[in-house]
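*Asks:* Chain by chain, the residues run as shown.
2 protein chains.
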Amino acid sequence: MDIFEALFTRRSIRSFTAEGVSEEDLDMVLRAAMAAPSAHNSQPWHFVVVRDEEVRKAVAARHPYAKMAADAPVVIVVCANPAECKEEGFWQQDCSAALENILLAARGKNLGTVWCGMHPMEDRVEPVREILGIPAGINILGLVVMGHPAQPFRKVDRYKAEKIHFDRW
Amino acid sequence: MDIFEALFTRRSIRSFTAEGVSEEDLDMVLRAAMAAPSAHNSQPWHFVVVRDEEVRKAVAARHPYAKMAADAPVVIVVCANPAECKEEGFWQQDCSAALENILLAARGKNLGTVWCGMHPMEDRVEPVREILGIPAGINILGLVVMGHPAQPFRKVDRYKAEKIHFDRW
Numbered sequence: 329m330d331i332f333e334a335l336f337t338r339r340s341i342r343s344f345t346a347e348g349v350s351e352e353d354l355d356m357v358l359r360a361a362m363a364a365p366s367a368h369n370s371q372p373w374h375f376v377v378v379r380d381e382e383v384r385k386a387v388a389a390r391h392p393y394a395k396m397a398a399d400a401p402v403v404i405v406v407c408a409n410p411a412e413c414k415e416e417g418f419w420q421q422d423c424s425a426a427l428e429n430i431l432l433a434a435r436g437k438n439l440g441t442v443w444c445g446m447h448p449m450e451d452r453v454e455p456v457r458e459i460l461g462i463p464a465g466i467n468i469l470g471l472v473v474m475g476h477p478a479q480p481f482r483k484v485d486r487y488k489a490e491k492i493h494f495d496r497w
Numbered sequence: 329m330d331i332f333e334a335l336f337t338r339r340s341i342r343s344f345t346a347e348g349v350s351e352e353d354l355d356m357v358l359r360a361a362m363a364a365p366s367a368h369n370s371q372p373w374h375f376v377v378v379r380d381e382e383v384r385k386a387v388a389a390r391h392p393y394a395k396m397a398a399d400a401p402v403v404i405v406v407c408a409n410p411a412e413c414k415e416e417g418f419w420q421q422d423c424s425a426a427l428e429n430i431l432l433a434a435r436g437k438n439l440g441t442v443w444c445g446m447h448p449m450e451d452r453v454e455p456v457r458e459i460l461g462i463p464a465g466i467n468i469l470g471l472v473v474m475g476h477p478a479q480p481f482r483k484v485d486r487y488k489a490e491k492i493h494f495d496r497w
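Chains as they are written, first to last, in our numbering: chain B, 329 to 497; chain G, 329 to 497.
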């Protein structure tokens with residue numbers, strides 16, 4: 329798939345078919361995540377891939393905007409280990425770049441995704457930490473629900489000229 | 329260009345030719361930025377596009393890792409207006425997704441880029457705010473230096489199996 333088709337037809341998919349995600353597609357998506365840039369190339373990200381239905385249902389029950397995690401075949405929770413950061417303060421940016429790569433790589437495989445925000449909302453982070461056994465020192469950015477879409481991809485135009493400033497604000 | 333070629337051959341480019349960036353390519357890159365997801369679809373991002381050489385040189389002189397901004401034809405500073413956020417706490421993630429889209433769209437046009445981090449380092453944010461006249465209430469995430477590369481793109485393998493956890497940490 330062309331890079332621009334992927335960029336311009338990616339949208340949040342919240343409804344999924346019963347079809348599973350292949351190991352090959354999942355591997356490609358995770359490789360894409362790790363191809364992201366990071367501050368000082370420190371790559372502090374970690375990925376908890378949840379296929380287990382009971383675990384997905386537990387996550388869905390505790391995150392207010394991730395109900396679809398119960399029915400989609402895969403959930404990926406994107407974390408960072410601060411001990412792997414060469415400079416503090418950039419882990420959110422590193423993990424967000426990796427997460428965006430997940431969404432685009434999934435689109436390239438015709439998989440649907442939705443990014444469910446967690447950090448800095450403690451009431452979304454801590455239940456997922458408990459369910460997945462993520463250690464206290466590990467940061468949790470957010471999660472992606474992924475599967476074969478039961479709703480269409482389509483081009484969404486979010487362009488707004490007034491967001492662009494030339495040479496100064 | 330295939331989405332996976334873009335994802336896997338994007339790397340930081342810090343050396344640029346004298347060739348300028350066309351209006352068409354710049355427009356496509358900015359459209360890609362605004363195609364990113366954002367929390368509650370609030371799209372709080374703003375982009376200051378700097379082509380003026382004197383302004384680029386001023387930025388290069390004040391950011392410790394953006395010396396190449398003096399010689400590349402375009403710098404894009406990625407900002408967020410908190411007043412446009414529907415929920416606080418997600419602007420860094422929104423802007424990082426937009427910034428990653430800039431890097432990938434540029435790769436799709438054979439333009440080189442490097443992401444120079446700024447937030448939360450006040451000594452990098454405030455000088456650029458002053459130079460570009462960015463109001464005090466506007467957040468500044470980071471900047472992208474962009475141009476035609478004077479060094480090759482190549483596949484970089486950052487894959488580490490130990491970063492992947494299955495069903496729990």
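These are calculated hints, taken from the structure and not from any lab test. There could be a bad hint or two in this list.
Given that identical chains are not distinguished, each listed pair holds provided it fits within a single copy or across any two copies.
[Said to hold, decoys possible] Taking lysine to any residue pairs in the SDA-like style, the calculated list, with each CA pair at most 25 Å apart, reads:
hint	residue 1	residue 2
1	K385	C413
2	K437	E415
3	K414	A389
4	K437	E333
*Asks:* Please list, smallest to largest, the hint numbers that this structure does not respect.
*Replies:* As far as the earlier hints go, 1, 2 are violated by this structure, in ascending order.
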